[in-house]
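Novice: Numbers in the working numbering are just positions in the sequence shown, counted from 1, shifted up by 122.
If you are wondering where the hints come from, they were derived from the structure by calculation, not from laboratory data.
Hints are supplied without guarantee of correctness; some may be wrong.
DMTMM-like mimics (lysine to aspartate or glutamate), calculated; alpha carbons at most 25 Å apart, straight line [to be verified]:
hint: 1; residue 1: Lys-145; residue 2: Glu-175
hint: 2; residue 1: Lys-191; residue 2: Glu-180
hint: 3; residue 1: Lys-145; residue 2: Asp-178
hint: 4; residue 1: Lys-125; residue 2: Asp-178
hint: 5; residue 1: Lys-191; residue 2: Glu-201
hint: 6; residue 1: Lys-125; residue 2: Glu-180
hint: 7; residue 1: Lys-125; residue 2: Glu-183
hint: 8; residue 1: Lys-191; residue 2: Asp-178
hint: 9; residue 1: Lys-191; residue 2: Asp-136
hint: 10; residue 1: Lys-145; residue 2: Glu-180
hint: 11; residue 1: Lys-125; residue 2: Glu-175
Label pairs and their computed distance ranges (CB to CB) [unchecked claim]:
hint: 12; residue 1: Pro-130; residue 2: Pro-206; range: 16 to 26 Å
hint: 13; residue 1: Asn-179; residue 2: Pro-206; range: 17 to 27 Å
hint: 14; residue 1: Ser-162; residue 2: Ala-202; range: 46 to 56 Å
hint: 15; residue 1: Cys-144; residue 2: Asp-192; range: 10 to 20 Å
hint: 16; residue 1: Pro-126; residue 2: Ile-151; range: 26 to 36 Å
hint: 17; residue 1: Glu-163; residue 2: Ser-203; range: 27 to 37 Å
All C-beta atoms in this analysis are idealised placements derived from N, C-alpha and C, irrespective of residue type, glycine included.
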Amino acid sequence: MSKPFTCPHCGSHDYAIVLTGCKVQGATIEESFSWDPLTSEYASSGPIITDSESVDNEAGEAVCSNCEKDVSDAVSAYEASLGPEVAEA
């Protein structure tokens, strides 16, 4: 088993990929709602694309889930270190 990605700024292993300028076709979108007893309203973290036929985007970056810094280069290096068969899976 390979080692997890590690943020070079804070040491966290979690990150998100943020794509901008997306054109999505044939998508399945999920949005969850949770009851907030403090506001007496439902709250949503926003829609999530769970499946799609295609996604075209203008740009993208990897962002650390903990410190929110750009870790695009570090994620690319991590994926390259895994080898082509693992990085493309």
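Novice: For a quick check of understanding: which of the numbered hints are violated here, in increasing order?
Specialist: The structure conflicts with hints 4, 6, 11, 17, although it agrees with all the remaining ones.
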